[in-house]
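Student: Using the sequences plus the hints, can you model the full thing?
For the sequence shown, our numbering assigns the number 181 to the last residue and increments by one with no breaks.
It should be emphasised that the hints constitute simulated quantities derived from the structure, not laboratory data.
Errors might be hidden in some of the hints.
[Claimed, not checked] Quick list of simulated restraints, FRET-style, between CB atoms:
1) Glu-85 to Thr-55: 44 to 50 Å
2) Val-140 to Thr-36: 31 to 37 Å
3) Ser-132 to Leu-57: 56 to 62 Å
4) Lys-41 to Thr-104: 33 to 39 Å
Please read all numbers here as calculations on a predicted model, not as lab measurements.
A virtual CB, placed ideally from N, CA and C, is assigned to each residue, including glycine.
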Amino acid sequence: MQVRKVFDACITQSTLETLSVTLTDLTPASPSEPLTFVSGKSVSSRGTITALTVTPLADRPGLSRVLANVAIPVQISYTDSTGAEGSGTGTITVTEDIVMCVPTGSVFPVELAATVNMASPNGVYVSGTTFSITACITVVMKVLADVDLLVPSYGYCRIPPCTEFSQEVCQGVFDLPLFPS
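Tutor: See the structure below:
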């Protein structure tokens, strides 16, 4: 059976205050300034990992230091000075410096992946298309590999016959063995 095996996973949750986010792809394209922050959220649960370094720890066999930048795609909703609603996208990058079990010494290497979420309950407009926000960030780091697993098979499942509902008087008699044991 071919599966994507998770060798290790861990979660970090943090609150980042006064985080600067510059928006692109504004909708509508040219809002009237100043803008007013409404909310912020991640637009995908897949984080992009860059600047990845994995360093085995000599004093902790089987464990490695994982240092990486994780980019989280976000969307900020706002209203402009005319009251029109709008939104734009941006990226928040967080640095993960963690210890994980990263297997080595195989033909097919493992892969690191990040599952992310960001919610921003408040923020303020700075200028242009930049906001300063408070971000509630969750990052789940995973060590993954596509593997072939052998699942033992003992043949097909034996499916027992159905038991019919019955209020038959002879039911108790029919349940007895034919011969004494």
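Student: Evaluate each hint against the coordinates.
Tutor: Cross-check of the supplied hints:
1. Separated by about 47 Å at the C-beta atoms, Glu-85 and Thr-55 satisfy the suggested range of 44 to 50 Å.
2. At roughly 32 Å, the beta-carbon separation of Val-140 and Thr-36 lies within the given 31 to 37 Å, and the hint holds.
3. Evaluation of the 56 to 62 Å hint for Ser-132 and Leu-57 yields a failure: the beta carbon distance comes to about 37 Å.
4. The hinted window of 33 to 39 Å between Lys-41 and Thr-104 holds, with their beta carbons roughly 37 Å apart.
Going down the numbered hints, you'll see the structure goes against just number 3.
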